[in-house]
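Asker: Residue numbers (full-length UniProt numbering), protein chains in the order written: chain A, 1 to 484; chain B, 1 to 484; chain C, 1 to 484; chain D, 1 to 484.
Simulated from the structure, these hints should not be mistaken for lab results. These numbers come from a predicted model, not from an experiment. Any given hint might turn out to be false.
Cross-link-like lysine-lysine pairs, in silico, DSBU-like; alpha carbons within 30 Å at most [stated by the list, open to error]:
{"no.": "1", "chain 1": "C", "residue 1": "K345", "chain 2": "D", "residue 2": "K172"}
{"no.": "2", "chain 1": "D", "residue 1": "K172", "chain 2": "D", "residue 2": "K222"}
{"no.": "3", "chain 1": "C", "residue 1": "K54", "chain 2": "D", "residue 2": "K474"}
{"no.": "4", "chain 1": "D", "residue 1": "K81", "chain 2": "A", "residue 2": "K418"}
{"no.": "5", "chain 1": "B", "residue 1": "K54", "chain 2": "B", "residue 2": "K345"}
{"no.": "6", "chain 1": "C", "residue 1": "K11", "chain 2": "C", "residue 2": "K222"}
{"no.": "7", "chain 1": "C", "residue 1": "K222", "chain 2": "C", "residue 2": "K33"}
{"no.": "8", "chain 1": "D", "residue 1": "K81", "chain 2": "C", "residue 2": "K462"}
{"no.": "9", "chain 1": "D", "residue 1": "K478", "chain 2": "C", "residue 2": "K418"}
{"no.": "10", "chain 1": "C", "residue 1": "K273", "chain 2": "C", "residue 2": "K172"}
{"no.": "11", "chain 1": "C", "residue 1": "K462", "chain 2": "D", "residue 2": "K478"}
{"no.": "12", "chain 1": "B", "residue 1": "K418", "chain 2": "C", "residue 2": "K222"}
Protein chains: 4
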Amino acid sequence: MRGDKFIESLKDGRSVWLEGATVSDLREHPAFKGTLDTIRSLFNLLDNPEEREKVGYLVPGQNRYAHSSFLIPYSAEDLQKRHEAFSCWSQQTHGMMSRLSDYARSLVTGWYAARHEIARYDTGFAAKISSYYEHARDGDLFLTTAIIDPQIDRSSGLEDSRIAERFLHIVKETSEGIVIRGAKMIATGAPYTHDFVIFSFLKFSAEQKKHAHVLLVPANSKGLHIVCRESFADSHEQNHILSSRYEEMDAVLFFDDVFVPWERVLLHGDTEKVLSLRANRTANGLAFHQNIVRYVAKLEFVAGVAFAVAESIGADGFLHVQEKLGELLTQIDVMKALVLASETKAKRNENGVLVPELSYIDTARNIGTRFYPRAIEILQQVGGGGFVQAPSGVEDFYGPISGLMHLYFEGASVSAEKKVQLYKLAWDLIGSPLGSRHELYERFYAGDPVRNYASQYVQFNKQALTDPVWRLVKDASKMGASTI
Amino acid sequence: MRGDKFIESLKDGRSVWLEGATVSDLREHPAFKGTLDTIRSLFNLLDNPEEREKVGYLVPGQNRYAHSSFLIPYSAEDLQKRHEAFSCWSQQTHGMMSRLSDYARSLVTGWYAARHEIARYDTGFAAKISSYYEHARDGDLFLTTAIIDPQIDRSSGLEDSRIAERFLHIVKETSEGIVIRGAKMIATGAPYTHDFVIFSFLKFSAEQKKHAHVLLVPANSKGLHIVCRESFADSHEQNHILSSRYEEMDAVLFFDDVFVPWERVLLHGDTEKVLSLRANRTANGLAFHQNIVRYVAKLEFVAGVAFAVAESIGADGFLHVQEKLGELLTQIDVMKALVLASETKAKRNENGVLVPELSYIDTARNIGTRFYPRAIEILQQVGGGGFVQAPSGVEDFYGPISGLMHLYFEGASVSAEKKVQLYKLAWDLIGSPLGSRHELYERFYAGDPVRNYASQYVQFNKQALTDPVWRLVKDASKMGASTI
Amino acid sequence: MRGDKFIESLKDGRSVWLEGATVSDLREHPAFKGTLDTIRSLFNLLDNPEEREKVGYLVPGQNRYAHSSFLIPYSAEDLQKRHEAFSCWSQQTHGMMSRLSDYARSLVTGWYAARHEIARYDTGFAAKISSYYEHARDGDLFLTTAIIDPQIDRSSGLEDSRIAERFLHIVKETSEGIVIRGAKMIATGAPYTHDFVIFSFLKFSAEQKKHAHVLLVPANSKGLHIVCRESFADSHEQNHILSSRYEEMDAVLFFDDVFVPWERVLLHGDTEKVLSLRANRTANGLAFHQNIVRYVAKLEFVAGVAFAVAESIGADGFLHVQEKLGELLTQIDVMKALVLASETKAKRNENGVLVPELSYIDTARNIGTRFYPRAIEILQQVGGGGFVQAPSGVEDFYGPISGLMHLYFEGASVSAEKKVQLYKLAWDLIGSPLGSRHELYERFYAGDPVRNYASQYVQFNKQALTDPVWRLVKDASKMGASTI
Amino acid sequence: MRGDKFIESLKDGRSVWLEGATVSDLREHPAFKGTLDTIRSLFNLLDNPEEREKVGYLVPGQNRYAHSSFLIPYSAEDLQKRHEAFSCWSQQTHGMMSRLSDYARSLVTGWYAARHEIARYDTGFAAKISSYYEHARDGDLFLTTAIIDPQIDRSSGLEDSRIAERFLHIVKETSEGIVIRGAKMIATGAPYTHDFVIFSFLKFSAEQKKHAHVLLVPANSKGLHIVCRESFADSHEQNHILSSRYEEMDAVLFFDDVFVPWERVLLHGDTEKVLSLRANRTANGLAFHQNIVRYVAKLEFVAGVAFAVAESIGADGFLHVQEKLGELLTQIDVMKALVLASETKAKRNENGVLVPELSYIDTARNIGTRFYPRAIEILQQVGGGGFVQAPSGVEDFYGPISGLMHLYFEGASVSAEKKVQLYKLAWDLIGSPLGSRHELYERFYAGDPVRNYASQYVQFNKQALTDPVWRLVKDASKMGASTI
């Protein structure tokens, strides 16, 4: 089974730091074990004849299924197949895991699908990405991205040497490859990845060649330190079911002179090329499509929890509560409609690959930064103070005060025990560190929302909307002329 | 030309009250003239061989075009044709006219398209609606709805006799028809309509039969008084281009014992039937589809004005302004995606009519109540105090201080005169009574938004979302059991 | 009576432009007449022995009352007297008039009260301001400010010659005085003023001397053109009571080489001095105090209208309506508390003048930009679509359909006629051009709210709040040390 | 020292349930130890000659200081002394502890201060409260309230027997006292309290006598179970300084036939009396005053953290960040102004006790439910994704990758280590369970905010605001009459 193989593969010498020491075996560590179990079962779906069509496709020319994030869509059905795979994993994890490799795999797939365009400005790219794509697909590689530069001083850029030396850059080139130094932050899923897909969001100037690159770096590279944040995993499943299963982990990566062989250096040293690749619509379309399919599952989960909570305490009949619960449904519909629109309006790239329409995806990602915090707020408003009344553990239901527990924690339509468990689940969503991290994640995973909203305006063809206005102004002006 | 024929047809004895007197000839009255010109030119499109395909379709078996709001959609292309017609009129009027007859025509078309279903609970309905549908389609009738009961005392309902006698009800039945008494409010477009489509949003109890009815009442019925609100039309096109063209007018209707012949009484006296008809998905799907196609045009217009204003004063380079302008684009994308989703997910009714999916439409109508006020707020924030600096009239540009006017009203990239005209257009949108009425309209045209949001929740199949939550709870509970 | 004298005084040769021509006599012009009546009655209060204590004080050494905006506060009672005068005029005008001269008079009073401080950096100032203060006080001068530079291109500053030549600047100095050229915008109350108090919000560099000045310019100066925006006055009192009385008017001022004698040139040519004067806490404290006292009256008025509307349609019993109406009360309380805090925490300047605390005033002005739009939104939500159902005029109550009018416009607890009149008043507040202008006014009268919020942060002594945080960090760090 | 005495006193046989068992010694349990240390040091202040004036007063006729929450204010100075004591404890705990006994002590003090009024409807009350007040004051009792009924089914009330038997009620009366049964929820600080102050927020009907009572129940009463929620305490001070010190704990109380002697039964069985006492302005004024003084400290703390974070990453220069940080300052000013206004406008009760004005306090409590979530949102927006990049522990700063840690976690103006510690502190505020619980607490501690806003409207004398509106309507109507 691929899941088991995956777990085995992680014992590869990677250097994962947690609480001042490296973790010798992720599989046994409470910070990682529950999540590994989750990933294993998702990976195993591909080996299950009854499930594999949901998440995978038969690789042409092979008698083997690969995950659909590797599928290059040439038809609406292909696109739908990708959607279905993203949706399946997301629903299984209630939208709480966003970096299950399907996003970064889609990026690689997109680059591969756009290799002919890219070949026009870089001749070496096509061969490298083709080889890597097949390697990743056939090896079921877990991939994640590491693209955010460390948060040293937001008022400075690469022109400041203090920044330049800390942001990831090439310090040496040899015939074998390059040596890189610097850091990346918020590499989600880092401890679980095989390779990091690495680039930067920076707008480089021409002189900043050393910082311009697109790389594929193995997680067990020598000199690469994966520095985890505090673990939000909780092994007490009954009290913290979400935290026990869905801790993706975020890490800062230190590259202490890490060697990357040439075949893993997709681009380097040419700022224009790097910027072009990053803006590639095929890759972004395929990858960001995963983001928003996943988001629907999360909104549905929050709504489901809010509905269940409202029902469990008999609050679902109040008009002002219903209004708020209705708003959760509008969020879901909006997000579903944007996914659908991105698919319905998908355009073919020059090689016939069908790419989801990015404007709808950008909008979905932008409003997503506001929807989730609002959804959580509504959940808070529905359950109110009750969220901090759940007893410390369900153990009390089996001890000396069992009778009182069943009596006083009873719900409107559910037993005390079920209600308490529901509230514990809800608290895991709104009050646990894992839950709190999700609010931050949805606000910021796509970058600074202020700049992203601004960017939608900047990139838009504004004349399409201002021309009719100026025509109307002209019209008014003519009519006026005749009246004077 | 149909536009001219339409205008002629309004001199039919109708009783339109304005400022204490009836208007003898709408065509010459400044409160109505500009709007009639607008409607004329929209109606004339159907007679223009180069334009008619955009707004009309060739009626099967006739050598004649009818407006596409009468088209019964059996295919995606048909639905698209309806969309295109709604869109064409909306763009021509910048989304500022919502009751140009296409909404009420669609309702009639929908009832006609669902007549076989309805026949199951009312045998007379099918013949009446068929006959009326053809009459309306072939006569290019202008239709509007009158469905809101007067705002007497919101804390009382029909059980209060004071309310019961003021809400529209049947006072007499004869062999020829019925006599009705009472009032309806906010009949938008009332002075311009041929017939009113009349029913109520009330939830009747079984005893309230006299108030349960669905009627088609001619505007020139004896005893029917169309009491207009203050006119927001402004004949000075140059200063108030929107107000000079797009004053739809809202009216209260008094039914002072109005006779309605049986063929215009679609339903009456059976509260269940009336409720069923009102909830008919075919009719609502076709009619509300028009609402949201129109809404897209309006959002695009406000965004266009905001973009032009920002450019004209050089404010389009500021990050916090760009963020707000980007938000306007997300509004447009969301609304377009919901329209698209309603069409893509359209379902056939039992007679094969393709009906846009209502859940997406409901969501669009609900979030629409929040989008427009926010769009107007952003427009205010972009132009700031400048909106009240436009000179009283452009006449000063041609008088003794002409030189100073050109100097001091200059914009970043536009001439003083164009900038002033743009600001006057913007003011007409955010500051004129017409503009203010639009903010109210978008907030409330679909009913009380609090209740409508609540209704989305109430009508939703909540178990689809709560089941996975309870399964997870059960899961957690099992895992816990093993650890105790 | 001073009111009559004031009205007389306006026939002084001023050049007020409206719709392409100058207005020969403001007193008879419908755009100004109603407002002049309002000002007259407010001015007359000072001559009414029963009222004058509310708005005025006995000038020491004179047997004559002056308006309390001229009172220099040395005690809490003095400050209260100023408060009372501001409050009296504001309540009489429902907070709808903000530039009734009391603001600009307070600025002059503040400069006078701070003349000893200012003398330290400019020796001529004290004599000039003393003389002018007495002149204004004893002549009951109507004053207004003109401080906003024209909105040409917000992305450019004075370093751009196109901007420099359009912003007000000195073009010549003679032994008699200076000659100024350029424009100012949004001079509220301009047609009614005797003198303009003029300066700029710009942050000058040292080279921009010609644009640095503080002036007192008579409204009837040769070469000064007062270019009005469209008039929002409406002479139909019954339909538009607010618009018939409270149209303050905003104007753009063109200075076409206007001569200003030296005694009216308070400062010029020294950018540092001008910046210092503008930041003078005594002047700003006294003047901005008026702003926020006035604001309370406006919030109370909007709340009063919303409460009356809710009662009139029986909506005051719904929980979600009550919640919104309660929010209006919290707005009032917050604003009253800020006024009170500014007074309670007033500090003496070096000459013993008691100056309201600016930090509370700044906060009040900043949150005021958000409160008013929200208050209007609540008013809209309470009355809903009903605001556009009021009949065009109350004339219908006296004509042939009088009976039906009384029947169908009836309210929950008020007669049809009173309800209609209330709704017309409410519409004047939320839907008329005058009402719309007020929303813009409250958002922007104090400048760009984004920058003003930012400015509160920039000017604040941040260490007072960060020190305890860093101490706690240090604490944690120590405790940690011991545990490692 | 009183702190030590307090800690000793808790070993009194109370039944505190945590994770399925009772806690035998709170003092040694990690869930309680840190908080007990905090309380100890606060209590000890009274015994410190240099500090005791800040938090205490010399009890008349005794040579002993009591905490100022017991001080009955007869003068502005007394009120200030109370303010100072609340403020001192709040600042020491950064506003993160709200139930440090000072609130409930103030309630008792208020009842005592109002005993003469209350005596008019209940003759026994005065003696009981006097005796208890002195007992509590002289014994330095820690008190907390238990007033929220369990969240069984919000759609039902006491008329439902399922509810009636679960809500706290009297099951027996004897000559010695009463026996009570039922539950209370969200008793904050329960494990630390000596006595619970108990009543209900319900609006009783006359038949519901058994549920109407006001009681003072010792925490170690037989049959009383204190059922704690999950502990949010964290003993790792360096990573979780707030959670290590400020875990107040919330508990559900089960009253399994608890006996309460008559002297602790302040009122019972008379629904009117209970309602009157609960609405007593003296008690509420003194107690709620503590709430809002505490709130200021919390807002200042959040602002301090946000400012420090912005500075540490060089984000404090961006306009849109400054705008948000400025908003935090307006929150503080508003809250301070409301506290000040409640004190400045304090009114004497009939016995001369100076009671802070409740309308300002109600407003402060209501807007407080919105301010804190917004403050936390701003903090999130300022730090962005950085909050999840802090390393798992600061231990890495002392191990093999120490050099890289110092290099890559560096801040704009602070060392890597300080920045990481600051971020950990911030995370404890926004991301830890303790932090999340605080957002819920501020939203709901004062009850359902929807109902509380509504209640401000319901209780307000609306005519004061509507009268001027109706006068203006009348005015308009008269003026109109003359024009017709």
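Asker: Each hint needs a verdict: does it hold in this structure or not?
Answerer: Results of checking the hints against the structure:
1. K345/C <-> K172/D: violated (56 Å)
2. K172/D <-> K222/D: holds (15 Å)
3. K54/C <-> K474/D: Given pair K54/C, K474/D holds - Cα atoms ~25 Å apart, limit 30 Å.
4. K81/D <-> K418/A: Violated, because 49 Å separates the two Cα atoms, which is more than 30 Å.
5. K54/B <-> K345/B: holds (23 Å)
6. K11/C <-> K222/C: At roughly 14 Å apart (the allowed maximum being 30 Å), K222/C and K11/C satisfy the hint.
7. K222/C <-> K33/C: Between K222/C and K33/C the Cα gap is close to 24 Å, so the pair holds against 30 Å.
8. K81/D <-> K462/C: It holds: about 27 Å lies between the C-alpha atoms, which stays within 30 Å.
9. K478/D <-> K418/C: holds (12 Å)
10. K273/C <-> K172/C: Holds, at about 20 Å.
11. K462/C <-> K478/D: Violated, at roughly 57 Å.
12. K418/B <-> K222/C: holds (29 Å)
Hint check: violations occur at hints 1, 4 and 11; the rest are consistent with the structure.
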